[in-house]
Each structure stands twice: as C-alpha cells, then as structure tokens.
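Chains as they are written, first to last, in our numbering: chain Y, 56 to 250; chain E, 17 to 290.
Hints are computed from structural coordinates only; laboratory data are not their basis. Heads up, some of the hints might be wrong.
What the hints assert, rightly or not - List time: in silico SDA-like cross-link candidates among lysine to any residue, alpha-carbon distance up to 25 Å:
no., chain 1, residue 1, chain 2, residue 2
1, E, 173, Y, 157
2, Y, 126, E, 206
3, E, 185, E, 206
4, E, 173, E, 89
5, E, 244, E, 159
6, E, 62, Y, 159
7, Y, 158, E, 85
8, Y, 101, E, 174
9, Y, 101, Y, 114
10, Y, 158, E, 185
11, E, 208, E, 266
12, Y, 126, E, 208
13, Y, 158, E, 71
14, Y, 121, E, 266
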Amino acid sequence: MEETIVMRCEALFIGGSAGSLDVLLKVFPDLKTDISFPIVIIVHRKRGTDSLLSDLLASRTSLKVKEAEEKEPLQNGWVYVAPADYHLLVEQTRTLSLDYSEKVNYSRPSIDVSFQTAAEVYRDKLVCVLLSGSNADGVEGLQVTKEHGGIAVVQRPDTAQVPYMPAQGAERVDIDAQLSPAEMAAFINGLNPED
Amino acid sequence: MTSPSITDEQLEFLLSDLLEWYGYDFTDYTRASLKRRVNRLFGLDKFVSFAEFRYQLQTDPIYFKRFVEQITVNVTEMFRDPGFYSALRREVLPNLNTYPVIRIWLAGCSTGEEAYSMAILLHEHNMLHKTLIYATDLNPAVLERASRGTFPLAYMKQYSENYIGSGGKNDFSSYYTANYNNAKFDDHFRSKIIFSTHNLVSDHSFNEFQLILCRNVLIYFERNLQGKVLELFDSSLENLGYLALGSKETIDFTSIAKTYKRIPGEKIWRKRSS
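For reference, chain Y alone in the conformation it holds in the complex (with noise of 0.2 Å):
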C-alpha cells in the first residue's frame, strides 16, 4: 500500500470476475463490523445462482449481507450484492435500482454501469476496487470515479488469478493503489478512521 488515503468514504463499491470470489472470502472475515459506509459488490457469474453468492459472503462476516433490491436505501454497515443477471445503479437519492437493459463489456451486472452511476451520486466520497478477471469491465468505471474525485483501487495484478482486469485498470487509470488480498481488509477497515 502506498500512502494513507485521507478522504470520507461514504460507499465502497468492489467488482470483480474470475477469480474474485476467493478474494471476497479471504476479506471478508477480517472486516471490522462497524464499518461507517454501505458496502456494494458487483461480481459477474452465471444467472439463477442468485442468493448464492450472498450467502457464502454472509457465512464469513458479521456484517450484514443481502441481495441488492431495486428501491433499497444504502444504509451504513450493509453489504449488498448485485444480483445475477440484472444491472445495479444507484440513485440520486441513494437508492439502488435494477435495470435488465443490454450487456455491458459482455456482462450483467456490469461493474462499468454500477461504478459510473455510484461516481455521480458519491462523487469525491467514493471508493472503488477492481479485483481479478478476465475482462476490461470496471475499468472505465474506475476512470469515472477518478474524474467525480473518488478513489480508485485495484487487486495488485501479480496477486490475481485472472490478473487482466485490475491490470487493464493499472494501466489505463491513475489509480490510488494497487493492494494484495492480505492488505486489502486493513485498507477497508481504515476507511474513515476518525469514526
């Protein structure tokens, strides 16, 4: 990890595709549990697993973990996880939405549509992570997020399974860090480190 971030986080939004999940439930465990932002995971899988996904996470925290719905308020302390098959925005009022429109970069969830829109609501007070995978989805939404003032974070890409997208997001976006999973929860956990 290169320097301390100071800002306010108000939202972390993590995406990732091959090679993700192991992250996630490497992280997770070691999330301190009064965390001070609603925290969104976008990851791309196979349609009719929904529930699956939040249910391992939900095994390895204490945190609260649910399936994102349309019209959810983000609350504090929450985990939620984009469904299968659908897109995940966020609102002006932040509030998620569910949009069954086109693929994006070949997926649904898309991490491009859920980073972007969240950039525009959380702007400078947004922190996005791209982890492992196999394509370039995320990594436009990680240059959105840099141009509102957010913070861009990617999995160091020697330490990915799939090192192509936190590598494609290396390269072509002025990230904040690039972390390996062992640092990565004491990276979330000193988000907002006055509260």
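Go by the hints and put chain E onto chain Y.
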C-alpha cells in the same frame, strides 16, 4: 474524458418538454437508468450539444419515435426465467382452464418473445383455442416486430434450453420454420395474440383479465408510478385472477397487497377478493 453527456438538470427539462410536445410522460421513470439510455442515444447519434439534441426532438417527430425506441429497454427472451413458466404450468394454468374464455394481458410485451412463449404454453395445455392474449407496449415499433412472429435463428438454442427448463416436453423446433437467419413461429400462435399500443403511465384499463403479466417493467418506474400501475392492474384483474411480475419486483409496498396471496417462492400473486 468519457464521452459527452447531458446533465441531470438538462434531463429534467427534456422530460417536461417531451410531455408537453408529445404527451409522453417519462417523469416518473427511475433516473439513473433513464439517464444512461438518453446519454447512450446522445452519444450514438453524435450530438454536440444538448440544445441541438433538444431541437431535433422538438422539430422531428420521427426522431422522437427513435428516442422512444432507444430509451425504453427491449431486452427479452422466450421462456426467460424457465422456473417462472414452470410455475405457470403447475400453479396457474390448471385454474385458468376452468374458465370457458380466458383473457390474458401481457403489459410491456416489447418484441413479443413472452407473448409467443405464453401461446406455446397454452397450446401445450390445450387451452390456446379459448384464450386471447392482449400484448401491449408503449412503443409501436416493437409491436410491429412482435406481430411478425419472427426471431433470430441464432437465439433458438438458448430459447430451446429455456423451454426445456420450463418443463416443455416437445421438440421446440417443431414450433417454427427456419428461414434464412430467422425462425418464423407458426401462425396458429399469432392468431390468438392481439398486439396493441398501451402506455402504462397514461392509459386506462381496457378489459378484465384472469392473468396479467408485467415482468421487468416496474423496475424502470419510481415507487409512486409503480403503485399507480399496480392499481391499474388490480382494477383490470378479475377476482381469483393472477398477477405475475419480474423476479425482482413486488406488490408488497402497495395498498392492494392485502387482497392478494402470493404463490410461495414465485413472483405470482392471486387476487382474493374485489
């Protein structure tokens, strides 16, 4: 920088303009999704300024037609969510079959894939001959496509898998004729479907039905509009009729919820009293 886009404020102006110019009311659509689609069109058609985009929409009704086509989501499949169709076969059709005449409303039918799926289901349960499916959408262009009963041949593998997942026992390919790159579905199905424009935001009830399906439409609406549309469905549904929504949609927040009983595990509700 990412591609040029219109701001939240400009979008609000545009929505009230469109209501005034064309009577189409998008003001209760969820913004994040709507804004994405408007910006997508803005980029696709290479507008350089919001003023130019607005002028084109104001002065060119044909362009407005394109706007409606492009900003509404028309992604659909035959037998999408096979488990849903399986529940229709198991829980709903046997009860509908007790009626001498069956009326079904498929609201937001888009390019018709669900309407033909429904017709195939009814055909297999020997109910199609006594059924009328009213399939509606606000977008005339998709209805035109829907009424052809022709879908890309390349999708048939997926649709066939969906069909089998729904409990279909026949050879799916027996329902269509392959013609170049298209699959043309038998006219027998088309003959029981009435395609018509209907705008859920502004149009009223037009009949009474025993089954209303509206899947993945309400997710694009704000809560108050969702409530209004669900009331419209309620007033269009016979007692003991069924209402089916998309896998992420619900009636739970509305006042009509107390007169409906949900089929456990499904997004299908049955009306208990009027």
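Numbers of the earlier hints that this structure fails to satisfy, in rising order: Numbers 2, 10, 11, 12 and 13, in rising order.
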